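> What follows is each chain in one-letter form.
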Amino acid sequence: MRLGREEGVEFLGFGPDTLQERLGPGGSTDYLNNYLNDLKVAAVALEHHYVDRHYLDEFANYYSKSFDVPEPHCQRLHLFSILSRADLETLFHAATSDPEGVGAHEKLQEAYVGFIVRRPLAAARVGRTVLRTYPVEGRRHYEATRPYRVHVAGLSFTVDGLAFQHQDRGAAVCASTALWSALQRVAFMSGDRTPTPHAITQAAGSPYPASHGLTDVGMATALRRLGYIADFFTPADNRAWFRALLVASLESHLPVVLLLRKKQTTGAGEVDVGHAITLTGFSEPQKIVDVPCSLDTVPPLRMRSGSLDIVYAHDDNLGPHAHYELLDDDKGDEDGHKQLVLQRGDSRGPRPATWPVDRWQVVAALVPKPEKLRLSISSLLENIAYFRPWLELAFEPLSLHYKGYFGTGVQVKKTLLKEHVDVNERNAILFGLSLPRHVGIMSVSYDQIHLCEVVIDVTEVNRNPGEPSLLAVLATGVPRLSQAGIRLRAIAGRFGLPIVHRRT
Amino acid sequence: MNNQDDQKDGSRGKKEDVLLPLSASEAPHDARQLSAEQIEIAIERGRADLAALEAANRHHSAISPKLRFS
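As they're listed, the protein sequences go chains A and B. Be aware that the first sequence starts at 1, since it is given in my numbering, and climbs by one per residue. Be aware that the second sequence starts at 1, since it is given in my numbering, and climbs by one per residue.
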């Protein structure tokens, strides 16, 4: 103990008051309690003295210059499922007294749900928080997560999640906080250290104090100055296309910053207020729908993603991975477009009861990307129009549906290692084909059957109008000597593309 | 899912038959192979569709610069 400061790790049981005592009462605490109860959290290892880099940066640049200076350090709560307080303490002691033995450490890792940093800010106690997502069962997809490595009492744990925190209103508001969450994943993809909320606010270059918020251009400017690029798209008059772009982004493991607007009545009349949240996942859309392209002369694309209705979001007004819903409202907006509305809450009823379910108009999406991922998400999906005529020819008479997403060249080759494919064709790709770091993948299915993928280069925009840069055809659902396989091979041969078929 | 849909040539069979493996000897004969002209027509149609979409989408809808996200 230094200067009377409480230090060390304390083991606690997790009950209804555990968070309330440390984070204070309110809707966010109720939300976190509900979330952690669903994950069966039963015990906590509390680090009394924890230095959080992200808070420290806010402290150094903002709070240390205030009249009433808060503490520069935080506390951190490590959350464990199933285990009782006594079990947790016993396992920690067993794991630390026998570092070579893995039994106790493995049990702790299995039970580790994540952590919450408690900041010394009365109105925004929830600092960097990384929690395991709900089990991926049924339709749930949490694509925009990454692994975090955590150290407690000399033991290391990992948790897959995406960092969340409350806006503190002083050093960062929702715009910076939403970008900060998204960059947790994108910086990881790029091999960079995640920028702090303060660094993001500074990079936006706004002449106003942070509490004024950021415009969409300010947010994109911040990304550019931090070494990333941004995709930007609006629902405008094509809500199904917008939904498909959201899914394509998330399936590319790119979090989406969703920009929202609402009318608010004030003493001075009605004003527009803006809010930003970060999408981390979605519920698998159930219907395959015709998604209109931007031209009537090009037939709609059949995509499941066009019927997206449930998304999961980090909302700094509430909590991480919140269940939100997309709804169509045919009332026109200021530009005459039918509105896409985000309901912040579950139609089946709010959980917990204090969750204030409300509705916002979705005005745009901003998707931070690594700098070398240059093709836009919209262009990626438009490329499906290029492949469709010859894929329909190859698979005639099957009625096809499509999806598109970004992946990596490494991921393409690793996936091939797991697929039941022709070994010679596979080796020709593994050993004979160079792939860029970022690739686009056009996936083609019939009903529930996955047929094939076409891989393209996305490190640049199409050099020739209407001609994507093709790399390979992965017909992992198509036998080589089937009619579709023979036709597909003839088409791949026309382009000089390597092709791999399902092994029979 | 109806597995007994009519084929375009009028015969009845499963649509998924196009995915069934043929024996090595029958494959070249049984598969309805594509002509080079069919392939070129399909490729040109895809190229034209994509070029039209690219040309139509060179602008972005903007948000009111007055709207701040806070």
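A portion of the hints provided could be inaccurate.
What the hints assert, rightly or not - Derived BS3-like pairs: lysine-lysine, alpha-carbon spacing no greater than 25 Å straight-line: (1) A:K107 - A:K40; (2) A:K403 - A:K287; (3) A:K413 - A:K372; (4) A:K262 - A:K338; (5) A:K403 - B:K66; (6) A:K372 - A:K263; (7) A:K403 - A:K413; (8) A:K263 - A:K287; (9) A:K263 - B:K14; (10) A:K372 - A:K338; (11) B:K14 - A:K338; (12) B:K66 - A:K287; (13) A:K414 - A:K403; (14) A:K331 - A:K263; (15) A:K413 - A:K331; (16) B:K14 - A:K331; (17) A:K403 - A:K372; (18) A:K262 - B:K66; (19) B:K15 - A:K287; (20) A:K331 - A:K372; (21) A:K372 - A:K262.
Think of the hints as simulated: they come from the structure by calculation, not from any bench. On a predicted model such as this, the values are computed, not experimentally measured, just so you know.
> So, for every hint listed, does it hold in this structure?
Each hint tested on the structure:
Among the hinted pairs, K107 (chain A) with K40 (chain A) is consistent with the structure: their alpha-carbon atoms are about 15 Å apart, no more than 25 Å. The suggested pairing of K403 (chain A) with K287 (chain A) holds, with an alpha-carbon distance near 13 Å, which does not exceed 25 Å. With a C-alpha separation of about 20 Å, the suggested pairing of K413 (chain A) with K372 (chain A) holds against the 25 Å cut-off. For the given pair, K262 (chain A) sits about 15 Å from K338 (chain A) by alpha-carbon distance, which is consistent with the 25 Å threshold.
Straight-line distance between C-alpha atoms of K403 (chain A) and K66 (chain B) comes to about 35 Å, which puts the hinted pair past the 25 Å bound. The straight-line distance between the Cα atoms of K372 (chain A) and K263 (chain A) is roughly 38 Å, outside the 25 Å bound, and the hint therefore fails. For the hint linking K403 (chain A) to K413 (chain A), the alpha-carbon distance of about 20 Å falls within 25 Å, and the restraint holds. The suggested pairing of K263 (chain A) with K287 (chain A) is violated, with an alpha-carbon distance near 32 Å, which exceeds 25 Å.
Note on K263 (chain A) and K14 (chain B): the hinted pairing is violated, with a Cα-Cα distance of about 55 Å set against a maximum of 25 Å. Straight-line distance between C-alpha atoms of K372 (chain A) and K338 (chain A) comes to about 34 Å, which puts the hinted pair past the 25 Å bound. For a cut-off of 25 Å, the pair hint linking K14 (chain B) to K338 (chain A) is broken: about 41 Å separates their Cα positions. Restraint check: the Cα-Cα separation between K66 (chain B) and K287 (chain A) comes to about 37 Å, which exceeds 25 Å; the hinted pair is violated.
Between K414 (chain A) and K403 (chain A), the direct Cα distance comes to roughly 20 Å. Compliance with the 25 Å bound is thereby established for this hinted pair. Among the hinted pairs, K331 (chain A) with K263 (chain A) is consistent with the structure: their alpha-carbon atoms are about 14 Å apart, no more than 25 Å. Annotation: proposed proximity of K413 (chain A) to K331 (chain A) is violated, straight-line Cα distance about 47 Å (limit 25 Å). About 45 Å separates the Cα atoms of K14 (chain B) and K331 (chain A), which puts this hinted pair outside 25 Å; it is violated.
For the hint pairing K403 (chain A) with K372 (chain A), the CA-to-CA distance comes to about 22 Å; that is within 25 Å, so the pair holds. Under the criterion of a C-alpha separation no larger than 25 Å, the hint pairing K262 (chain A) with K66 (chain B) is consistent with the structure, at around 13 Å. With a CA separation close to 21 Å, the supplied pair K15 (chain B) and K287 (chain A) stays within the 25 Å bound. Taking the CA atoms of K331 (chain A) and K372 (chain A), the gap is about 39 Å. The hint is violated against a cut of 25 Å.
A distance of roughly 35 Å separates the Cα atoms of K372 (chain A) and K262 (chain A); the hinted pair therefore is violated under the 25 Å criterion.
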